[in-house]
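Undergrad: Using the hints provided, position chain B relative to the given structure of chain A.
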Amino acid sequence: MPPENPIQQEQTRFQNILVEKDYQNVGIIRLNRPGALNALSYALMKELVQALEEFDSDEAIRSIVITGNDRVFSAGADIKDMSNQTSVQALREGNLERFDEIQKVTKPLIAAVSGYALGGGLELAMTCDIIVAAEGAKLGQPEINIGVMPGAGGTQRLTRALGKYKAMDMILTGQQISASDALAHGLVSRVVPNEQYFTEALKIAREIAEKAPLATRIAKECILKSDEATLSEGLEFEHRNFYLLMSSEDKSEGMKAFIEKRKPLFKGR
Amino acid sequence: MSETSQEAGDSILLRKENGVAWITLNRPNVLNACDLPMLKKFQGALRECDSDSNVRCIVITGAGRAFCAGVDLQSLKSRCDDQGSLGDDLREGFNPIVQRIRNSERPVIGMVNGVAAGAGMGIALACDLRFASENAKFVEAFAKIGLVPDSGATFFMPRLFGLSKTLELVFTGDGVDAQEALRLGAVNRVFPLEKLEAETKVFAEALARGPRGLGLAKRAVNRALAMDLESALEYEARMQQLAGETEDYKEGVRAFTEKRPPRFRGK
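For the protein sequence lines, the chains are A and B, in the order given.
Sequential numbering of the first sequence, starting at 1, is according to our numbering.
Sequential numbering of the second sequence, starting at 1, is according to our numbering.
I should point out that these hints are in silico values taken from the structure, not numbers from a laboratory.
Being a predicted model, the structure only gives us computed values, none of them experimental.
One should not assume that every hint holds.
In silico DSS-like links for lysine-lysine, alpha-carbon gap of 30 Å or less [said to hold, decoys possible]:
#, chain 1, residue 1, chain 2, residue 2
1, B, K195, B, K144
2, B, K16, B, K218
3, B, K16, A, K203
4, A, K251, A, K261
5, B, K267, A, K203
6, B, K267, B, K201
7, A, K104, A, K80
8, B, K195, A, K138
9, A, K138, B, K218
10, B, K195, B, K41
11, B, K218, B, K267
12, A, K164, A, K21
13, A, K138, B, K267
14, A, K138, B, K40
15, A, K203, A, K225
16, A, K203, B, K40
17, A, K263, A, K21
18, A, K225, A, K267
19, A, K256, A, K267
20, B, K16, B, K267
21, A, K21, A, K46
For reference, chain B alone in the conformation it holds in the complex:
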């Protein structure tokens, strides 16, 4: 593998099409491993999607044969030598991305086109949905170098894989392939690699035509993870209140009574 990053191309590509923003991690020669400048660009791309009302669904994927191999080992090695703070690297680099994906009111699909390792797996798990190619693989190999899973993996893994499977994966550093992840419920759909993009596109564009209520539902579900029943019910009621004030709700009811498909505008 080449040591130099692909300086010529942009490490993060952002393309908007039919209401969907496609964010592509684009350092294929290092399996889309991320260094800090790339993570900053990633944060910027997500920020831009969140402030663009025409973007109503986000897809995150990798260029080439990997989804994302996690943190760039070159930058990790220099950190090891200069005794820099790995904690601060996360706070500055990956964590804001995880938070932004989770807090975005747009549905976010992780289109996992190959290996998602370490922090790359964290990013994939932070997405609302995961569509994977048959060759995709999820790996938390931190145990093999003496670190702990990061970028939200300790939070998302028990929720997606269950507690004992999570700890097995964490202790052994073994990977999970797409079919196994599908069986465990951590991946929503698996496609042959050559069909992955087309299938994801159809699904994402359908979500992009969805109502504003989708974002409010996402907020309620995410909030509920950290709440007791009473608070979750109250939060749900508040989200329903807001959803009931949207134009899309009025359109939805109108379309239902007129027996036609609704035309949502995300407002």
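Pulled out of the complex, with its shape left as it was, chain A reads as follows:
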């Protein structure tokens, strides 16, 4: 039986995000600037990276959901932060690099997207490992319309997700695409009815949280490696890591449970 208040919300140090721990080893982060369409201000990004790093080193957390609200995941960068900034000031702030920090999180990240995921919002979703979208979601990189271009991974991650031609189309025209279009092109993992985007993401996160943490972590690492490595390097990386997992306690438990026809109990060792 789940405890009475299954999700514990941390009353905290964060002003721009809400951080919660689910009773089933899932960390939940909600972008929480509803008045600003969850614009990713420098302050928000700082808090987000900090919260993710804390979850990453928290043994009780095995997967993490990042979400916004029903109306908007995030409409992108906070234009107010940038409008009067010089390139030197922006470089010193290093906000774009914070997106790269997110990809260094070792635990599986699930983005639960409803409403708009635009610009930095979509780039943030793309730093996650699985994207669940509500059927009414709209995704896009509209930066071109205000005289710039995606700068937090959009030109790289979108191209890897969609291929050159669809990515060019989206980035050069700034047009948004629907959730079903995104699914057809492989930009999101699942599309569900609007009411279910968060429960679906949480369901996936809980499912992952029941797996062997070392295995999910290393599988994530291997898949991300495929963006960087040649096939033979990637295969070598994968094989070595597979052998490594063979020596884990969880491997013994997993195989033993399979033979004994019971549910395995993984410890992350």
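TA: What follows is chain B alone, placed relative to chain A:
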């Protein structure tokens, strides 16, 4: 026919009564043909219905002797002269109406009280149900002026009339009367004109007392049109999940076991 639109009255009337929102296209002197300002008002009326939890069924009809004659020919003519984009006119005017009717979780009845031509036929076909008067007529006369059926007609016609009847109607520009449409399954019920409103009212108010599940069922049916069996089954399962979480479902089961009629609240 007068060229000037009826500026004095409102081109779209919205009346709410017993859980039903009645949207009346109200430019009877031009057979309720729509220009862009009227279409914007139409969109606004639908939006308002969707955001009002007391509205649980929508009826769309026309004032006077027509349902809707489609796009206002005056605005069409000026478009022809200034080489404006007909495609953009649709995107801005009729298409959002078709989408809103289809996506609304309220049942939408087209009360077709006379001719439904061109985009007006598109609007009628986009409705979930069609109740027609005996004198009603459905006409896609686009072929006669060199255009293609619009406002969703190419999508809805094959589904309602069948493929070959659709193409016959499209190629010839011939109309279908109410009885023929009924026989083809494109119209749900036909009444003498003087009984149409009263009969529609009874039916619409009954739907307005229906459960929240009606809207979810509408979503599932509409979605299934564009899905393979596997995806449709999955979507159906999800809608059932949501329906099972509604208060109306609990009330429905309770009423069934207590052997009394359910009192649904649309929640």
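Undergrad: State for each hint whether it applies.
TA: Tested hints:
Restraint check: the Cα-Cα separation between K195(B) and K144(B) comes to about 34 Å, which exceeds 30 Å; the hinted pair is violated. Note on K16(B) and K218(B): the hinted pairing holds, with a Cα-Cα distance of about 22 Å set against a maximum of 30 Å. This hinted pair does not check out: K16(B) and K203(A) have alpha carbons roughly 41 Å apart, beyond 30 Å. Distance check on the hinted pair: K251(A) and K261(A) sit about 15 Å apart at the alpha-carbon level, within 30 Å; holds.
Pair hint K267(B) plus K203(A) holds up; C-alpha atoms about 25 Å apart against a cutoff of 30 Å. The hinted pair formed by K267(B) and K201(B) meets the criterion: a straight-line CA distance of about 22 Å does not exceed 30 Å. With a C-alpha separation of about 28 Å, the suggested pair K104(A) and K80(A) falls inside the 30 Å cut-off, and the hint holds. Proposed proximity of K195(B) and K138(A) is contradicted: the alpha carbons are some 45 Å apart, above 30 Å.
Under the criterion of a C-alpha separation no larger than 30 Å, the hint pairing K138(A) with K218(B) is consistent with the structure, at around 22 Å. Between K195(B) and K41(B), the direct Cα distance comes to roughly 28 Å. Compliance with the 30 Å bound is thereby established for this hinted pair. Among the hinted pairs, K218(B) with K267(B) is consistent with the structure: their alpha-carbon atoms are about 15 Å apart, no more than 30 Å. Restraint check: the Cα-Cα separation between K164(A) and K21(A) comes to about 38 Å, which exceeds 30 Å; the hinted pair is violated.
For the suggested pair K138(A) and K267(B), the alpha carbons sit about 27 Å apart, so the restraint of at most 30 Å is met. As the CA atoms of K138(A) and K40(B) are separated by approximately 23 Å, the hinted pair is consistent with the 30 Å bound. With a C-alpha separation of about 26 Å, the suggested pair K203(A) and K225(A) falls inside the 30 Å cut-off, and the hint holds. Taken as a hint, the K203(A) and K40(B) pair is broken in the structure, with Cα atoms around 41 Å apart against an allowance of 30 Å.
Annotation: proposed proximity of K263(A) to K21(A) holds, straight-line Cα distance about 24 Å (limit 30 Å). Among the hinted pairs, K225(A) with K267(A) is consistent with the structure: their alpha-carbon atoms are about 25 Å apart, no more than 30 Å. In summary, the hint linking K256(A) to K267(A) is supported, as the alpha carbons are separated by about 14 Å, within the 30 Å threshold. Restraint check for K16(B) and K267(B): satisfied, since their Cα atoms lie roughly 19 Å apart, inside the 30 Å limit.
Between K21(A) and K46(A) the alpha-carbon distance is near 20 Å, which keeps this suggested pair within the 30 Å criterion.
In this structure, the hints that do not hold are numbers 1, 3, 8, 12, 16, in rising order.
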